[in-house]
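Colleague: Sequence:
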Amino acid sequence: MARASEAASQLVVDVANEASSSEADADLLSTCIDVDDYDVTYTSIDALPDADFDWAFNLVKSNMMSQYDAAKDIGGWSDTKKRAEMSEPTTRFLILRSKSTSPSPSPSPSTTATISPPLAFLSFQYSIDDATSETATGTIAIRIPVAYIYELHVIPASQRRGLGAMLVRAVEALAARYRMRKLMLTVLKSSTATLAFYARLGFDVDETSPCRHVSAKRASRISYQILSKTACL
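Every number in my numbering is 226 more than the matching position in the sequence shown, counting from 1.
Please note that a few of the clues may not be correct.
[Unchecked claim] Each computed SDA-like pair below joins lysine to any residue, with the alpha-carbon atoms no more than 25 Å apart:
id	residue 1	residue 2
1	Lys-298	Glu-433
2	Lys-308	Asp-355
3	Lys-325	Glu-249
4	Lys-455	Glu-433
5	Lys-307	Tyr-268
If you are wondering where the hints come from, they were derived from the structure by calculation, not from laboratory data.
Taking the hints into account, I'd like the entire structure generated from these sequences.
Modeller: In structure tokens, the structure reads:
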């Protein structure tokens with residue numbers, strides 16, 4: 227049963243990973259984003275422009291390097307490791323910009339609209355992860371399809387405007403469309419504002435989080451928690 231469940235979950239993930247960004251995805255995302263004020267780009271790592279990747283990496287580094295260095299159990303910050311993590315083949319990006327504007331009030335047909343600089347981004351992967359299921363004979367371990375959020379960052383000047391929540395709603399919608407069972411993420415316990423942000427969005431400590439399986443003393447030495455939220459299928 228467990229093997230059949232994992233195979234079915236892997237098939238769901240494979241279908242999601244093979245799907246390219248479509249007009250249907252764009253229509254779905256438009257219901258999650260304030261399209262009067264913002265543009266959202268949804269792309270795979272392969273199609274992400276180098277300039278956008280470098281911007282995203284530098285924003286993560288600016289926001290997180292000191293917290294990584296303080297978290298001794300995860301080995302501190304490493305440019306090489308973070309770049310490799312952010313560029314894994316199945317990684318997808320949602321990048322938010324202010325609405326593109328034209329350089330003049332009455333642009334000619336040949337005039338190219340000005341592309342605004344990015345304000346925020348979210349990166350995630352469709353994958354399978356551990357879970358449990360109750361059966362007539364007891365609790366069993368299973369593997370389920372999830373949308374795992376790896377990074378969510380907003381430039382300082384645009385924080386507290388709801389942009390992060392918009393991006394989470396967008397990935398929730400995609401997770402439901404592609405039949406993921408959960409949204410998951412890892413967050414450092416030192417990021418109290420981040421923990422509060424995800425709690426407001428309905429996330430809770432996941433059953434796989436280390437703090438649920440070790441003593442309170444050992445849990446106090448672990449720098450992170452795994453959070454999750456059931457996807458609305």
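Colleague: With reference to the structure, classify each hint as holding or not holding.
Modeller: Do the hints match the structure? See the list:
This hinted pair checks out: Lys-298 and Glu-433 have alpha carbons roughly 23 Å apart, not beyond 25 Å. With a CA separation close to 21 Å, the supplied pair Lys-308 and Asp-355 stays within the 25 Å bound. In summary, the hint linking Lys-325 to Glu-249 is supported, as the alpha carbons are separated by about 19 Å, within the 25 Å threshold. Distance hint between Lys-455 and Glu-433 is fulfilled; the C-alpha atoms sit about 11 Å from each other, no more than 25 Å.
A hinted pair counts as satisfied when its Cα atoms are at most 25 Å apart, and Lys-307 with Tyr-268 qualifies at roughly 24 Å.
Of the hints listed earlier, there is not a single one the structure fails to meet.
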